[in-house]
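Engineer: Chains as they are written, first to last, in my numbering: chain A, 1 to 207; chain B, 208 to 428; chain C, 429 to 485; chain D, 486 to 735.
It should be emphasised that the hints constitute simulated quantities derived from the structure, not laboratory data. Nothing here was measured: the structure is a model prediction, and the numbers come from that model. Beta carbons: idealized from backbone N, C-alpha and C, even for Gly. Incorrect hints may have been included.
As the list claims (entries may be wrong) - The calculated lysine to aspartate or glutamate pairs, modelled on DMTMM-like cross-linking and capped at a C-alpha distance of 25 Å, are:
{"hint": "1", "chain 1": "C", "residue 1": "462", "chain 2": "D", "residue 2": "537"}
{"hint": "2", "chain 1": "C", "residue 1": "462", "chain 2": "D", "residue 2": "636"}
{"hint": "3", "chain 1": "B", "residue 1": "209", "chain 2": "A", "residue 2": "101"}
{"hint": "4", "chain 1": "D", "residue 1": "659", "chain 2": "C", "residue 2": "471"}
{"hint": "5", "chain 1": "D", "residue 1": "601", "chain 2": "C", "residue 2": "459"}
{"hint": "6", "chain 1": "D", "residue 1": "601", "chain 2": "C", "residue 2": "466"}
{"hint": "7", "chain 1": "C", "residue 1": "462", "chain 2": "D", "residue 2": "501"}
{"hint": "8", "chain 1": "B", "residue 1": "209", "chain 2": "A", "residue 2": "193"}
{"hint": "9", "chain 1": "B", "residue 1": "424", "chain 2": "A", "residue 2": "72"}
{"hint": "10", "chain 1": "B", "residue 1": "424", "chain 2": "D", "residue 2": "636"}
{"hint": "11", "chain 1": "B", "residue 1": "209", "chain 2": "A", "residue 2": "91"}
{"hint": "12", "chain 1": "A", "residue 1": "26", "chain 2": "A", "residue 2": "193"}
{"hint": "13", "chain 1": "B", "residue 1": "209", "chain 2": "A", "residue 2": "104"}
{"hint": "14", "chain 1": "B", "residue 1": "424", "chain 2": "A", "residue 2": "193"}
As the list claims (entries may be wrong) - A partial selection of chain D residues facing chain C, derived with a Cβ cut-off under 8 Å:
{"hint": "15", "residue": "536"}
{"hint": "16", "residue": "540"}
{"hint": "17", "residue": "598"}
{"hint": "18", "residue": "655"}
{"hint": "19", "residue": "682"}
{"hint": "20", "residue": "707"}
{"hint": "21", "residue": "715"}
{"hint": "22", "residue": "718"}
{"hint": "23", "residue": "722"}
{"hint": "24", "residue": "724"}
Here is how the chains run, residue by residue.
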Amino acid sequence: MQLIAEDLAIDRGARRVIDGLSFAVKAGEALLLTGANGAGKTTLLRTLAGYIRPFRGRVRLEGGDDELTVAEQAHVVGHTNAVKLSLSVAENAAFWNAYLDSGEDAELRVGTALRHFGLEDLSEFPAAYLSAGQKRRLGLARLLVARRPVWLLDEPTASLDTASSERLVAAVNDHTNSGGLAVIATHLPLALERARTLNLAAQKVPA
Amino acid sequence: MKSFWALLHRDVTLAIREGGAIGTALGFFLVVVSLMPLGLGPDLNLLSRIAAGILWIALLLAALLSLNRIFEADHEDGTLDVLATGPLPLELVTAAKSLAHWVTTGIPLAIMAPVLGILLNLDLAAYPILVATTLVGTPAVSFLGAIGAALTMKTRRGGLLLALIVLPLYVPTLIFGISAVSAGAGPTGLAASFLILAAISLVTIVLGPLAAAAALKVHLQ
Amino acid sequence: MDLGPHAAFIWISYAAVTVTVTGLILWLIADGRKQAADLEALERQGVKRRSSSPGVR
Amino acid sequence: MQTLTQRLANPTRFMELSARLLPWISAGAVVLLAYGLYLAFFASPADYQQGETVRIMYIHVPCAWLSMMVYALIALSSFGLLVFRHPLADVSAKAAAPLGAAFTFLALLTGSLWGKPMWGTYWVWDARLTSVLILFFLYLGLIALRSALEDESAASKLTAILALVGVTILPIIKFSVDWWNTLHQPSTDFTSTVDPSMRLPLLVMAIAFTLLFFAMHLKAMRNEILRRRVKALRTQAVAGRDRLAAHGAE
Numbered sequence: 001m002q003l004i005a006e007d008l009a010i011d012r013g014a015r016r017v018i019d020g021l022s023f024a025v026k027a028g029e030a031l032l033l034t035g036a037n038g039a040g041k042t043t044l045l046r047t048l049a050g051y052i053r054p055f056r057g058r059v060r061l062e063g064g065d066d067e068l069t070v071a072e073q074a075h076v077v078g079h080t081n082a083v084k085l086s087l088s089v090a091e092n093a094a095f096w097n098a099y100l101d102s103g104e105d106a107e108l109r110v111g112t113a114l115r116h117f118g119l120e121d122l123s124e125f126p127a128a129y130l131s132a133g134q135k136r137r138l139g140l141a142r143l144l145v146a147r148r149p150v151w152l153l154d155e156p157t158a159s160l161d162t163a164s165s166e167r168l169v170a171a172v173n174d175h176t177n178s179g180g181l182a183v184i185a186t187h188l189p190l191a192l193e194r195a196r197t198l199n200l201a202a203q204k205v206p207a
Numbered sequence: 208m209k210s211f212w213a214l215l216h217r218d219v220t221l222a223i224r225e226g227g228a229i230g231t232a233l234g235f236f237l238v239v240v241s242l243m244p245l246g247l248g249p250d251l252n253l254l255s256r257i258a259a260g261i262l263w264i265a266l267l268l269a270a271l272l273s274l275n276r277i278f279e280a281d282h283e284d285g286t287l288d289v290l291a292t293g294p295l296p297l298e299l300v301t302a303a304k305s306l307a308h309w310v311t312t313g314i315p316l317a318i319m320a321p322v323l324g325i326l327l328n329l330d331l332a333a334y335p336i337l338v339a340t341t342l343v344g345t346p347a348v349s350f351l352g353a354i355g356a357a358l359t360m361k362t363r364r365g366g367l368l369l370a371l372i373v374l375p376l377y378v379p380t381l382i383f384g385i386s387a388v389s390a391g392a393g394p395t396g397l398a399a400s401f402l403i404l405a406a407i408s409l410v411t412i413v414l415g416p417l418a419a420a421a422a423l424k425v426h427l428q
Numbered sequence: 429m430d431l432g433p434h435a436a437f438i439w440i441s442y443a444a445v446t447v448t449v450t451g452l453i454l455w456l457i458a459d460g461r462k463q464a465a466d467l468e469a470l471e472r473q474g475v476k477r478r479s480s481s482p483g484v485r
Numbered sequence: 486m487q488t489l490t491q492r493l494a495n496p497t498r499f500m501e502l503s504a505r506l507l508p509w510i511s512a513g514a515v516v517l518l519a520y521g522l523y524l525a526f527f528a529s530p531a532d533y534q535q536g537e538t539v540r541i542m543y544i545h546v547p548c549a550w551l552s553m554m555v556y557a558l559i560a561l562s563s564f565g566l567l568v569f570r571h572p573l574a575d576v577s578a579k580a581a582a583p584l585g586a587a588f589t590f591l592a593l594l595t596g597s598l599w600g601k602p603m604w605g606t607y608w609v610w611d612a613r614l615t616s617v618l619i620l621f622f623l624y625l626g627l628i629a630l631r632s633a634l635e636d637e638s639a640a641s642k643l644t645a646i647l648a649l650v651g652v653t654i655l656p657i658i659k660f661s662v663d664w665w666n667t668l669h670q671p672s673t674d675f676t677s678t679v680d681p682s683m684r685l686p687l688l689v690m691a692i693a694f695t696l697l698f699f700a701m702h703l704k705a706m707r708n709e710i711l712r713r714r715v716k717a718l719r720t721q722a723v724a725g726r727d728r729l730a731a732h733g734a735e
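Make a model of the complete structure from these sequences and hints.
Structural biologist: Here it is in structure tokens:
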């Protein structure tokens with residue numbers, strides 16, 4: 001399986017943010033997107049996820065399920081956590097499990113996900129009580145409550161401490177080791193096992 | 208289908224837990240209805256004649272208050288982005304959320320309407336009809352409202368704009384809702400307007416989610 | 429011209445249409461001039477369109 | 486037809502073509518308008534029922550006709566934008582909305598000025614008046630929604646969706662208002678058959694107003710295209726400055 005971007009040109013407003021970008025990410029691989037603010041990391045991720053229609057070029061998942069769009073085979077974690085404050089931690093995770101994964105072995109998956117991100121002691125608390133870092137971890141726990149071959153993460157380590165970042169890195173490594181692939185926008189180096197780096201600033205066509 | 212029920216269940220749970228929206232809508236409904244006699248004078252005959260109209264208009268205004276939260280909250284915390292990547296087509300996402308709005312706002316308002324009818328000296332025979340028409344008519348309120356909520360999701364002063372867009376669309380519901388209740392309609396008129404009201408609700412249940420989903424797709428870009 | 433007892437209504441109708449339509453036309457002309465002037469000012473500053481097709485104005 | 490719309494798809498072509506067309510349409514509108522006004526005031530008799538007030542009809546009917554035609558045009562343009570992504574469709578819809586609202590307003594105003602001497606009141610909740618009033622609200626909604634959205638491309642698509650929703654719901658609104666009206670009060674049939682002496686001035690005025698609208702619409706579309714060019718150039722100029730600043734810093 002590989003995620004392929006072919007000759008992408010993406011406009012935001014009247015500005016061409018990305019022009020003529022091609023790359024492929026194979027199963028078992030993680031691609032780190034780097035580049036200054038405004039280099040187009042978020043835009044590229046949202047295009048891969050299918051929210052933004054590129055001006056030119058296309059995104060496809062080779063070896064995936066042809067019935068589904070790329071977005072339907074991907075986890076997308078953006079700047080927001082998609083956490084409901086009046087639901088408990090466990091309810092938040094259980095909802096995404098039921099919604100994204102048709103609730104297969106729900107309890108097991110939810111339990112594993114919360115444990116991995118160190119939230120198991122908080123599972124009965126309403127999410128409103130969580131700190132920013134804990135909310136972020138709950139947002140990331142979504143990655144484990146449902147199985148998706150593609151992970152698209154936008155600055156996933158934002159508001160995470162070192163220990164939590166390591167848990168995320170471990171989750172991504174597990175994911176790639178079991179045949180998944182990931183595209184991660186980050187400005188911090190992540191100690192991933194099999195990662196390549198794509199610097200978006202360098203990709204820019206000189207003016 | 209499991210995703211649909213999960214989403215519906217979550218929205219209903221949220222509305223009950225957060226409580227504010229339902230309470231505000233019901234409170235607003237009560238306030239508007241009780242202001243009417245103050246404006247029109249305490250003539251009970253007059254009030255009972257126009258009770259159905261007052262109740263329906265106040266109900267629409269009360270429902271309007273809660274519409275803008277249908278998509279806004281999910282948009283703000285990023286839930287909408289994730290919902291869009293789920294196995295459920297966006298049309299069914301909007302359908303589930305409109306349905307949840309009906310369950311949490313339409314039904315409570317419909318139940319509240321006959322209680323407020325007492326304040327307006329509503330004819331006793333009209334009570335069952337009032338409950339029936341509000342129950343059958345309020346889905347149109349939620350599903351049409353969802354279109355407006357989706358269109359105005361990211362706008363400044365979204366609430367006022369929402370009212371401007373949605374209220375003209377409520378005209379048919381209002382007309383047939385009232386005409387079914389008003390005493391002069393007679394049994395045949397009643398059956399006719401009741402059926403038309405049901406038809407309007409069915410049409411909007413089909414049309415609303417399509418238009419709302421189209422609007423959300425634009426916003427997600 | 430005698431327009432009968434309701435002449436005022438007729439004149440007001442025609443006046444309202446005339447005023448509104450004239451107003452719209454004047455606005456359209458003024459708006460057109462402004463856009464053309466802005467465009468010219470930008471071009472004089474040397475800003476060129478990316479996909480410029482010559483002679484477009 | 487295909488080739489014509491394709492050729493028109495290019496805004497540059499459109500600018501050339503409309504520049505050539507605009508004077509002719511405007512001239513046609515002026516000539517027909519003059520002829521129509523002559524017919525309306527001098528060459529047509531007073532109605533045996535309505536008296537001289539019938540002359541209001543000669544501007545009221547064309548305005549009412551335009552109020553509906555322009556909405557149909559907006560709906561068609563919206564369809565063209567959403568389905569075919571026609572680049573001029575949104576320009577057309579955006580340019581038409583305020584014009585349509587203006588003519589709808591005029592239809593309501595002249596209608597009520599006709600109603601006062603004829604019915605003894607400026608406004609009756611007649612089925613037709615009510616549905617035109619709702620049409621006016623729909624226009625206001627379209628204009629307000631567009632002006633409330635920053636992003637131009639999102640605004641155009643969302644407005645198009647609203648226009649299409651409006652066009653699907655309009656027949657239901659119309660039907661319900663008719664029904665409501667017959668329920669409340671006996672419907673008065675004011676649309677008695679048109680006398681031949683009125684038919685010609687009505688027809689001429691209707692065509693004149695239609696041409697007038699198209700002239701204004703073309704002009705508004707041209708303005709809109711220029712406005713978008715100005716906007717694009719400004720964004721480009723700002724981006725250019727950014728690049729210079731970045732180079733300077735290195």
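Engineer: Which of the numbered hints above does this structure break?
Structural biologist: 1, 4, 5, 6, 8, 14, 18, 19, 24
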